[in-house]
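S.K.: If you want the building blocks of each chain, they are given just below.
2 protein chains.
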Amino acid sequence: MLQPGLMMDRPLLVSDVIEHGAAQFGDVEVVSRETHGPLFRYTYAQCAARARKLANALKQLGLEPGKAVGSIAWNNHRHLEAYYAVSGSGMVMHTCNPRLHPQQLIYIINHAEDSVVLFDSTFAPLVKAVAAHCPKVNAWICMSEAANMPVIEGVANVLCYEDLIAPHSEQFVWPQFDERSGAALCYTSGTTGNPKGVLYSQRAIVLSAMSASMPGSVSLSPKETILPVVPMFHINAWCLPYAAPMSGAKLVLPGPRLDGASLYELMEAEKVTVSAGVPTIWLSLLQHVEQNGLRFSTMRRTGVGGSAMPAALISKFADNYDVEVRHGWGMTETTAVATIGCISATQMNLPAAEQHAIIAKQGKSVYGIEIKIVDENGATLPRDGVAQGELMVRGHWILTGYYKGESSPLVDGWFPTGDIATIEPSGIMQIRDRAKDVIKTGGEWISSIDLENAAMGHPAVANAAVIGVKHPKWDERPLLFIVRKPGQTVEREEILAFLTERVAKWWVPDDVVFLDALPVGGTGKVQKADLRKEYGGVFS
Amino acid sequence: MLQPGLMMDRPLLVSDVIEHGAAQFGDVEVVSRETHGPLFRYTYAQCAARARKLANALKQLGLEPGKAVGSIAWNNHRHLEAYYAVSGSGMVMHTCNPRLHPQQLIYIINHAEDSVVLFDSTFAPLVKAVAAHCPKVNAWICMSEAANMPVIEGVANVLCYEDLIAPHSEQFVWPQFDERSGAALCYTSGTTGNPKGVLYSQRAIVLSAMSASMPGSVSLSPKETILPVVPMFHINAWCLPYAAPMSGAKLVLPGPRLDGASLYELMEAEKVTVSAGVPTIWLSLLQHVEQNGLRFSTMRRTGVGGSAMPAALISKFADNYDVEVRHGWGMTETTAVATIGCISATQMNLPAAEQHAIIAKQGKSVYGIEIKIVDENGATLPRDGVAQGELMVRGHWILTGYYKGESSPLVDGWFPTGDIATIEPSGIMQIRDRAKDVIKTGGEWISSIDLENAAMGHPAVANAAVIGVKHPKWDERPLLFIVRKPGQTVEREEILAFLTERVAKWWVPDDVVFLDALPVGGTGKVQKADLRKEYGGVFS
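Top line first, the protein sequences correspond to chains A and B.
Counting from 31, one number per residue, gives the positions in the first sequence under our numbering.
Counting from 31, one number per residue, gives the positions in the second sequence under our numbering.
No lab work stands behind these hints, which were simulated from the structure alone.
Any given hint might turn out to be false.
Each pair may be met inside one copy or between any two copies, as identical chains are not told apart.
What the hints assert, rightly or not - Listed below are the simulated SDA-like cross-link pairs for lysine to any residue, each with C-alpha atoms no more than 25 Å apart in a straight line:
hint: 1; residue 1: 301; residue 2: 352
hint: 2; residue 1: 301; residue 2: 486
hint: 3; residue 1: 158; residue 2: 73
hint: 4; residue 1: 346; residue 2: 298
hint: 5; residue 1: 301; residue 2: 456
hint: 6; residue 1: 402; residue 2: 41
hint: 7; residue 1: 470; residue 2: 559
hint: 8; residue 1: 563; residue 2: 325
Build out the structure end to end from the sequences listed, making use of the hints.
M.R.: Below, the structure is given as C-alpha cells:
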C-alpha cells in the first residue's frame, strides 16, 4: 500500500506567482507601452498591489469565483494586472483575439458568459460593434485613465479602469482553492465552424510557466529582460507573463506597437535580452535592422512559434546578429510551449549550417509533455525521422475537452493535434504539414509544405501553394499553385522540371495553376479551403 | 462557484522523469565512477532500461508499493537506477547517510522498515556491523558485479546487484498513482535524540527538480554537464539526479572520489560545466587547482549550500577562475533548495566585491517556497536586513511532519527552521545563526557566527567559538573560546580590544577561554553542546 508523503499540501495557484514576484523581486521593473503612446514603468511589487486593487474592484462589481472576465487588449501592464486579479480571485480570464470577425467575437463573449470585458481604447470600435449583441456583459471596462477614455456611442455601461480601481485597497487575501480550477480561457480561431474554448487550470498555467522559464526553453532569470511579442490574447502569451515574475526577469510589454522599428527601439532602450513571437514579427524586425545597419546591443535569444521559421532567417539571426533562435511548437490546446529546440553541448561543435537545420525543426517535448506520431489507424509510428504521422500530445497542460464541448477530442488519452510530423530517434519533432493539407497518394504521404518550399526555391516564384486533388488511381495527387514575381514569365514545364530535380519523382505535381495572388485569411495564412473549393475536382 | 479546468489530470511522478530523459534525451550520457575505480558510461535510455530491470527484480523479491528500500551508497549510476526503480514503483527510496554512527544507522533502517538495503562495497564493514540488528531487512544488495563482491562474514542474505537484475526484462509499466504518495525518505542527522525522517512526495520531488533546473537556480539544460558532489544520501542531492534527465543535461557522478584532485580531473575529462556541493569540497578543489597552477576549461558555475561559503572563497572562484557561485540554503526538511542567490541584471554592473557580498548571503526563496522571519512570540519581523528572527518556510516541498512523528512541527502552517536569519527588502535572506546558538542579551540578539568570524580575523587566532552563558542582569552574555595558532601567545585583553574595534560594544564577550582545540562531531561541526556542558555556568 502506498505511503502518503509528508509534504505541505498547497495548491499551485496563479496568485502565488505575482506574490512571489512582489516578495522576492519587488524592485524588478515592468515596462509597458500605453495604448496612447508613452511608456509606463513600475515594479512587480506595484503590479501586485494594483492587481489586488483590481481584485477588490471586481469583487465589488459583484463578480464571484467561476465568473468569466473578457479582455480585448494588447500586451500591457493593465492586462497583466487583470491576468492576476481575475485568475487569482478564482475567476476565468477570457482573452479575446481582437483579430476575430465581430460575429466570432460576439459568439465567444456570449459562449464564455463574460460578466465584464476589459478592453484597450484601440478596440473601442470593436466594442461598439459587438456590445449590443452581448447582453450578459454588465460592464465594458476601458483600460485607461479618465483623460484617455474613448467615446463609444450607443454603449451605456462603459467604465474607466483607473477610476474603477482607484478607491480600492491594495490589500486582498487571495482565496485558496483546488489547483485544478479554471484560470484562463482562450478560443481557437478555427477557419470552419465556431471557435472552441480551452479552459486552462491554475495548475496547468503554473507548471507551464515553470517549464517556459527553464534554460532549455525560453530561459528566464533575474539576469534577463523579456519582451513577449506573442500576444497576451493568444495562448497566454506562452505563459511568459507568469514566467517573468516567477523567475525575476524584467518584463517589457510592447503594447500596440509591433512594427520592426518600434520593437527595435524598445529592445535597445530597455536592454531586452530575450523575446518571443511568430516568425513574421522577426522578419519585419530583421528587415528594419538590416535596412538601417543596426545591431542588437543586448538581445541574445528569441523563442519562435506559431508557424515554421525558415532556416535562412534562423541563420541570419545567429550568424549576423548573435541572436539564438529557440524554435517551438504549441497550440491553443496546449496552454503554451509543448516542444522547443535548443542546441545541446555536443551539437555546439557542429558547423553553423547543421545547427540551424536542427533549430529549423520544432524541437523536443519539454518535461511534462509527451509526444508520439500515429498512422491513420492510430498505431504508433517509429521515431526514425522518416515516418510521418499525426502528432499526438499528452501532459500536464494539454486540454482534455473543449469548454462546454459535447464530446472529448482525446484518443486513448492523447490529444490529436491535426499536425503531421516526424520524430527523430533523438526526440526532435518536425511539423511536416497540417493533417488536412497533407496529400495522400498511393498509400504514401506528400507534405504540401515541403513541396511549396521546393517550388519557392525557383527564382521566378513569389508564392506557392499545393493542394491534394482526387485521383482515380492514386487516391490524391498534388496540384501546384504559383504566383510569379513581377515581370517573370516562368511556365508549367520549367517549374515541373525544376521540382523533378529536387523532390522524389512521385512528389512532382500533376499540374500547375498560375494565379495573380493566393487567397489569404485574416491572420495572413493561405486559405487552402478556398483553393480546394475552386480547383479540387478530380484528376483524370 | 469555481469552474473546473479542462486540462489532463495526470500525476507528477518520478517515473516520468527518467522516461522523459529516455524519450527526449536518450543519447545524452551518464558517466559514473565505479566504487572499485574505473569510469562507467551509458545513456539516459540505458539508465531507464536498467531502472526498469531493477523494478522488475524488486517486484520479484516480493516488494510492493509503500515498502521502503534503503541505500548506503555513493553518487553512482546504480544508485541513480535505484532512485527511479524504487520511487517509480511507488516504493520509498530511503537514502542512509553512511557517516551516521552505526547505532543511528540501525535505528533509521528499523524505523523506516527497510525491506532491502542497497549498498556500495565501501560500506561492507558498516553492513557487517548493523545487519544482525536489522531483522526486517530481507536482503542486502551490493551494487556491483559478481567479480567485485565483498565478503561479509556473518551476513547471510547478501545479493549481487548485477546478478539480481540480469535475468529481468527492460520493460516495466510504471504504476500510476496519487502524486502526493511518498517517494523518498531521508533522516536528519540531529546531534541530540534520534534522527527524524522526512518523507518526500513524488510531487515535491518533481516540482523541486523543475525548480533546481531553472536558470536562477542551478540552471540545467542540454547545453550543460552537471557533476553533483552533494551526496545522493543527503536531501536527494538537491534533486539534481532528477533535474538532469528532466532538462537533458549530461550527468557525471563522482562515486567515492571526492578529493580535489579527483574532482578536478573528472571535471576536465568530462567537460563538466556546473557542479553543486558544500563549501569544504570547493575549498579542497580550489587548493588543488591553486597549488598546481591549473585552470577550469569548462566549469563555469557551482551551487553551494550546507553551510555558509566565505566571501573570500566566492571571490577567488569568480575573479581568478571565472566560476560563478550560486549560494543557497535548504535542509532535510525542505527536500532540496529553498533559497538561492543569483546576481541580477542590474547588479551585474556593481563592483566585483559588492557582487560577492550579495552572493555570500543565502539568496531569495525560489518560486514555490515562501520565507519569513519571526520573533520569539511568532510575530513577523520586518524585511529590513537588520531584524533577526527565526526563519520560517512554507511551500510545495516543505515537510508537514516527521515520519511516524507524533506532533506536527509546524507553527501556523509554517516550518520553523531553527535558523536565525535576516531578510532584506529585496528578499535576500542571510543565515545569521542557529536558533540554539544565538545569544539573547538584554532583549537583543547577538549572532555567535558573526562574533566568531570577527574573532577569527585576528592573525593569532586559529579557531573560535562563542556560546551564551546565563547572566543575572542581561539574561545571557557571550563567552568566547579561542584556539591560538601554533607559537602564538595572544591573551584575553588583546582579543577583547581587537573585538571592541570591530563589533558593537554590547557584543564584546564577557570572557575568553583559551583551548588547545574545539570539540568537533562526526561531520566536523563544532559541538557547542559540549562547550555549554563544561562552561555554561552563570556570569556573575
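S.K.: The structure should be examined with respect to each hint, and the outcome stated for every one.
M.R.: Evaluation of the provided hints:
1. With identical chains, the CA atoms of residue 301 and residue 352 are at most 25 Å apart both within one copy (15 Å) and between copies (24 Å).
2. In this homomeric assembly, residue 301 and residue 486 never come within 25 Å of each other (Cα to Cα): the closest approach is 37 Å inside a single copy and 43 Å across copies.
3. Taking identical chains as interchangeable, the C-alpha atoms of residue 158 and residue 73 are never at most 25 Å apart, the minima being 34 Å within one chain and 60 Å between chains.
4. In this homomeric assembly, residue 346 and residue 298 come within 25 Å of each other (Cα to Cα) only inside a single copy, at 19 Å, whereas the closest approach across copies is 34 Å.
5. For the homomeric pair residue 301 and residue 456, the shortest alpha-carbon distance between copies (21 Å) is at most 25 Å, but the shortest distance inside one copy (36 Å) is not.
6. In this homomeric assembly, residue 402 and residue 41 come within 25 Å of each other (Cα to Cα) only across copies, at 19 Å, whereas the closest approach inside a single copy is 30 Å.
7. Taking the shortest alpha-carbon separations for residue 470 and residue 559, only the intra-copy value of 17 Å comes in at or below 25 Å, while the best inter-copy value is 79 Å.
8. In the homo-oligomer, the alpha carbons of residue 563 and residue 325 never lie at most 25 Å apart, since the shortest distance is 46 Å inside one protomer and 68 Å across protomers.
Hint compliance for this structure: hints 2, 3, 8 are broken, all remaining hints hold.
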